[in-house]
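There are 2 protein chains.
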Amino acid sequence: MSELKRYLKAQQRAVDAALRRFLPRESARPATLHKAMRHPIFAGGKRLRPILCLAAAEAFGGSAENAMPAACAVEIIHTYSLVHDDLPCMDNDDLRRGKPTTHVAYGENVAVLAGDGLLTEAFAIVAQTPECRNYKTRHYVVGLAQSADSRRLIGGQVLDLEGEGKSLTKAQLVRIHEAKTAALLAGSLRLGGMSANVSPRKLEALTIFGRNLGLAFQVIDDILDVTQSTEQLGKTAGKDAAVDKATFPAIVGLEASKKEAQRLTDKALAALKPFARQARRLDEIAHYLLDRDY
Amino acid sequence: MSELKRYLKAQQRAVDAALRRFLPRESARPATLHKAMRHPIFAGGKRLRPILCLAAAEAFGGSAENAMPAACAVEIIHTYSLVHDDLPCMDNDDLRRGKPTTHVAYGENVAVLAGDGLLTEAFAIVAQTPECRNYKTRHYVVGLAQSADSRRLIGGQVLDLEGEGKSLTKAQLVRIHEAKTAALLAGSLRLGGMSANVSPRKLEALTIFGRNLGLAFQVIDDILDVTQSTEQLGKTAGKDAAVDKATFPAIVGLEASKKEAQRLTDKALAALKPFARQARRLDEIAHYLLDRDY
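Order-wise, the sequence lines are chains A and B. At position 75 of the first sequence (counting the first as 1) the number is 75 in our numbering, and the numbers step up by one without a gap. At position 89 of the second sequence (counting the first as 1) the number is 89 in our numbering, and the numbers step up by one without a gap.
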């Protein structure tokens, strides 16, 4: 296993342990609800967002320990959004990471409420991030909200639903990806940086890095949906085409999509150039994410 | 109009104005989502929770201005919970305060997301509450979360759903009401008190007042569902009995329910006795809430 993979594995384990600690136990009443909240959290996620949060903190002299509440909060936000997006009235997905989605396992009503419970916990947890000179609790809470609110994460899902069956332009599709994916990725990096008391200049660099990484990541996801099987993905393949959802490959073609993913990653990496030595790990992670098998 | 009614009217208007200011505009993109978020917020709510929050602040020497972010946050939390509770997979209610519920007006998927958007905004807003000596942003955020999380507000809805069609004991029903109604009412009063930098003793008194007021309020709601028409209620009457939901009148009878409401209100009022002069307004509001026509 490469050094990077060992690092990712170790960070993933640290995040898993922290999530287990932060979230209410399965035995807490009502037990059904707390089981339904843990079900999607411990379903084998890669912990990409929290790992980026921790790496951003460590890159700029902060500690994983101080960044951990924010790291867990972004993962919980990501997870709640998947639970709600998978609902029958939304994307109607039965399978996620090879496991039954929350509404399949616990019923639609409990899945809605489990999502609500996770979203609420995320804010209680991010508020535990230690304050530093430049950034106070208010900045962490508002920062999390502004990565995931009705203009960003949630708004992106609405745009996505509204776009189904329509022919979107590339610009419209980028707008959906920006809201639905890039904002929370950028937010993860920003919160990590904030916990390390970074300067406004470094915070801006992390934002640009995160936004472009997020866009690249989403283009790659679109590509994989076309090129891989359900088994390889751990979720239903060909789903986008089946519901006539606009994707990068559908709009600009497969080859142009691959080039776009490369261009966006280059743009992301360029943002960190001024801090090359410190940001080596973030750079590595970006390469790792782009070099997925597609 | 009595002095109290004028006061309630004025507070309601102040809360409405603040909510208009705090929430994203209808024109913000995606417009459908932001319209769907404002729809249930400006549907003629009584603003009971924010008014209690403001009154608690003012009772103990704080200002309505400082308490306003917290007041709006609790109203937004209350509203998102109604939007999700009304969904077809939950209580399946088409009518709320005489108007179509959010999923009827905007579709089920947008209603889920509008609720998520409101919940997210509530935390961004409560984090704006000015800090004071005893209470920091962290206390407001965690205080809000702990009034509305999977053990309280959301857990109560799960217990409520699980109880449908079953014969519950009085203790089980009280537990549902505590989680589903009393916790957020107590939280509203606590947050208001916190913004006024109250002592732990006063915070405890506000908590006991709020919890018992909330329980009384819920018992009265159960009574009204039996005794009033759909027109009087502005929501579907007889709904509880129709879905075979456990209610106070169903378990202990109508007369005993009325006595229970009175007993709980007395208990609430007793908590404020040591601060009788300061808490006169809270006392008046409690009387006003109990003296509804049932």
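These aren't lab readings, by the way, just hints derived from the structure by calculation. Keep in mind that a hint or two might mislead.
Heads up, the list lumps identical chains together, so a pair's fine if it works in one copy or across two of them.
Here are the simulated lysine to aspartate or glutamate pairs, DMTMM-like style, with alpha carbons at most 25 Å apart [stated by the list, open to error]: (1) LYS35 with ASP266; (2) LYS5 with GLU108; (3) LYS273 with GLU260; (4) LYS46 with ASP283; (5) LYS136 with GLU65; (6) LYS99 with ASP16; (7) LYS35 with GLU164; (8) LYS9 with GLU284; (9) LYS166 with GLU26; (10) LYS166 with ASP283; (11) LYS5 with ASP283; (12) LYS166 with GLU108; (13) LYS259 with GLU162; (14) LYS99 with GLU3; (15) LYS35 with GLU178; (16) LYS202 with ASP94.
Could you check the structure against the hints above and give me the numbers of any it violates, in ascending order?
Hint check: 1, 2, 10, 13, 14 and 16 fail, others pass.
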